[in-house]
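Asker: Residue numbers (the working numbering): 1383 to 1860.
Among the hints, erroneous ones may be present.
Dumping the calculated SDA-like pairs for lysine to any residue here, alpha-carbon to alpha-carbon at most 20 Å [to be verified]:
#  : residue 1 : residue 2
1  : 1567      : 1631
2  : 1419      : 1742
3  : 1445      : 1461
4  : 1428      : 1730
5  : 1488      : 1607
6  : 1607      : 1467
7  : 1496      : 1479
8  : 1567      : 1528
9  : 1746      : 1442
10 : 1432      : 1409
11 : 1685      : 1819
12 : 1854      : 1522
13 : 1746      : 1507
14 : 1428      : 1690
15 : 1567      : 1524
16 : 1466      : 1445
17 : 1614      : 1588
18 : 1445      : 1791
19 : 1823      : 1836
20 : 1631      : 1502
21 : 1557      : 1573
22 : 1524      : 1767
23 : 1823      : 1442
24 : 1493      : 1823
25 : 1450      : 1799
26 : 1479      : 1460
27 : 1488      : 1685
28 : 1685      : 1859
29 : 1432      : 1479
30 : 1567      : 1442
Cβ-Cβ distance ranges computed for the label pairs, FRET-style [said to hold, decoys possible]:
#  : residue 1 : residue 2 : range
31 : 1403      : 1646      : 36 to 46 Å
32 : 1603      : 1641      : 54 to 64 Å
33 : 1684      : 1777      : 15 to 25 Å
No wet-lab data here; the hints were simulated from the structure.
Backbone N, C-alpha and C fix where the C-beta goes; we use that ideal spot for every residue, glycine too.
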Amino acid sequence: MLARGKDIPGPQGWPILGCLLEIDSSRLHISFDKWAKQYGPLMSCKIASKVLVVISCPRLVKKALAEKSCSDVLNDRTETSFSKYIMDNAKGVIFGKYEPTTIQLKEIMLKSLKMHGQGVPQYEAMAQNELDRLLKSVADQKNIEFDPRVFVATYVANLAAILYSGSVLDATDAKVIWEYNDAIKGLLDASTDMMLLIFPFLCYSPTSTGQIYRRMMAAKEELLKKFFHSQKETYQPGHERGLVDLLFKFQSEEKKHGEIQCLTDSNIMAVIQDVVFGGISSVTNSTLGIILVLLHHHECINKIYEEIVKVVGLDRCPSLQDRPAMSYTEAVIMEALRYISSVPLSAPHRAMEEVELEGYAIPKDSLIIMNMWTIHHDPSIWGDPWIFRPERFLDENGRLLPTEHTLRQSLFNFGTGPRRCVAEDLAKSRIFLCLTTLIQKFDLLPPDVGTLISDDARTFLPGGVLRPPEYKMRAVAR
């Protein structure tokens, strides 16, 4: 597809380096937000040899990534050191090339999640056990100040272990998952990624880059030892325990019909890593961010509790069946996800060919980034984007705005188009259950002594996933 569009506006940068010296690689969203205000919702810059096209407008995002005229060209992935060395040349869903094998793998993953995920009685029963464990950990604090991070992180990691294997295998599960997640951060740093792609021998050097790589490989080995190799050794056809066993089942079915193409062992191992990369940190930090925001807005906690009493009562735990009747709680979660925007930028897409968007030329091989941070805090969309106001997602009768409403169409926490997060429903349902279960049992309060840290996401710790700084809270049993 040959475009004849204008050049996209943006900062000029320097020869060879481009805009590399003008950005903070850990806070790219802040640089892109500043440039979006200066150059508009479609802007471009060069980072070394790479051309980045940043989209900061809901309409343009959907046109580029969800409408067929552009999406067939703009939904590929670029090679990174992580996809090349850790994901075995992009074998999974998140980093996979935009080709039939990746699309088929995503469909299989969606099918597997429906068979052993959200709403499935067996999974929900085990997930409820983890919620009970979380409640006990909070109750054990006996109204003293505590940091909720370790409790929430363990809960989320154990949910992943259940998804993988149908159970929490042992006490090391969460540690293995979080070591893999923490090791990711170093390898995803822009400067480290660039160094490894240009100088691959650094993987084996005594430099900090080599140390980051070796830590990542060790963490990967432990993750796959526990959730791939161990499960493959004990897998019994017809007795699938979780997502990984279901993938083994589909692999066997594929083998019966000829050569395995979509579900090789490498593909399955990549999917296991996708779950950690795509969900663990974002769900954990989103949950912690929502709790922090609510500690600053205790009136919202009271309203959620009132809705729980009305819809659920106090004799049973909240369930997924309660969600449609809990509009206020859902509005709080939507507003909090918008307000904190834990994942401020999408993973880069790659233009497979040159294409025209709104009269502008997007060059072949340029990287396309969806700027959720700017979209979620755009005054022209939200009016008062830095005010936490759940009611913006409710109509005059207190019901959720319809999905086609402009505001709901401007939420991109889980992406859009063919690359939309495969586990979006599962992630949102876990946040809902965690939040409502905690508020049903406890009144969540700020610390007695000292000042509660700010809930302004502009102060959160940087990275691909923004993290609220450590904070203390109290939980008083109701």
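Asker: State for each hint whether it applies.
Answerer: These are the hints, each one checked on the structure:
For the hint pairing residue 1567 with residue 1631, the CA-to-CA distance comes to about 33 Å; that exceeds 20 Å, so the pair is violated. Simply put, residue 1419 and residue 1742 have alpha-carbon atoms about 18 Å apart, close enough for the 20 Å limit, and the pair holds. For the given pair, residue 1445 sits about 24 Å from residue 1461 by alpha-carbon distance, which is inconsistent with the 20 Å threshold. A distance of roughly 14 Å separates the Cα atoms of residue 1428 and residue 1730; the hinted pair therefore holds under the 20 Å criterion.
The suggested pairing of residue 1488 with residue 1607 is violated, with an alpha-carbon distance near 23 Å, which exceeds 20 Å. Distance hint between residue 1607 and residue 1467 is fulfilled; the C-alpha atoms sit about 18 Å from each other, no more than 20 Å. The hinted pair formed by residue 1496 and residue 1479 fails the criterion: a straight-line CA distance of about 24 Å is larger than 20 Å. Restraint check: the Cα-Cα separation between residue 1567 and residue 1528 comes to about 26 Å, which exceeds 20 Å; the hinted pair is violated.
Of the supplied pair hints, the one linking residue 1746 and residue 1442 holds, its CA atoms being roughly 18 Å apart against a limit of 20 Å. Distance hint between residue 1432 and residue 1409 is fulfilled; the C-alpha atoms sit about 18 Å from each other, no more than 20 Å. With a C-alpha separation of about 14 Å, the suggested pairing of residue 1685 with residue 1819 holds against the 20 Å cut-off. The hinted pair formed by residue 1854 and residue 1522 meets the criterion: a straight-line CA distance of about 15 Å does not exceed 20 Å.
A distance of roughly 49 Å separates the Cα atoms of residue 1746 and residue 1507; the hinted pair therefore is violated under the 20 Å criterion. Among the hinted pairs, residue 1428 with residue 1690 is inconsistent with the structure: their alpha-carbon atoms are about 50 Å apart, more than 20 Å. As the CA atoms of residue 1567 and residue 1524 are separated by approximately 35 Å, the hinted pair breaks the 20 Å bound. With a C-alpha separation of about 29 Å, the suggested pair residue 1466 and residue 1445 falls outside the 20 Å cut-off, and the hint is violated.
The hinted pair formed by residue 1614 and residue 1588 fails the criterion: a straight-line CA distance of about 35 Å is larger than 20 Å. In summary, the hint linking residue 1445 to residue 1791 is supported, as the alpha carbons are separated by about 13 Å, within the 20 Å threshold. Restraint check: the Cα-Cα separation between residue 1823 and residue 1836 comes to about 25 Å, which exceeds 20 Å; the hinted pair is violated. Between residue 1631 and residue 1502 the CA atoms are separated by roughly 18 Å; this keeps the pair inside 20 Å, and the hint holds.
Of the pairs offered as hints, the one joining residue 1557 and residue 1573 is violated, with about 27 Å between alpha carbons and a cut-off of 20 Å exceeded. Simply put, residue 1524 and residue 1767 have alpha-carbon atoms about 37 Å apart, too far for the 20 Å limit, and the pair is violated. Taken as a hint, the residue 1823 and residue 1442 pair is broken in the structure, with Cα atoms around 43 Å apart against an allowance of 20 Å. The hinted pair formed by residue 1493 and residue 1823 fails the criterion: a straight-line CA distance of about 34 Å is larger than 20 Å.
With a C-alpha separation of about 9 Å, the suggested pairing of residue 1450 with residue 1799 holds against the 20 Å cut-off. The straight-line distance between the Cα atoms of residue 1479 and residue 1460 is roughly 8 Å, inside the 20 Å bound, and the hint therefore holds. A hinted pair counts as satisfied when its Cα atoms are at most 20 Å apart, and residue 1488 with residue 1685 does not qualify at roughly 38 Å. Distance hint between residue 1685 and residue 1859 is fulfilled; the C-alpha atoms sit about 17 Å from each other, no more than 20 Å.
At roughly 18 Å between alpha-carbon atoms, residue 1432 and residue 1479 fall within 20 Å of each other, so this suggested pair holds. This hinted pair does not check out: residue 1567 and residue 1442 have alpha carbons roughly 30 Å apart, beyond 20 Å. Checked against the hint of 36 to 46 Å, the C-beta distance between residue 1403 and residue 1646 comes to roughly 42 Å, which is consistent with it. Checked against the given bound of 54 to 64 Å, the beta carbons of residue 1603 and residue 1641, roughly 28 Å apart, lie outside it.
The supplied range of 15 to 25 Å is met by residue 1684 and residue 1777, whose beta-carbon atoms lie about 21 Å from each other.
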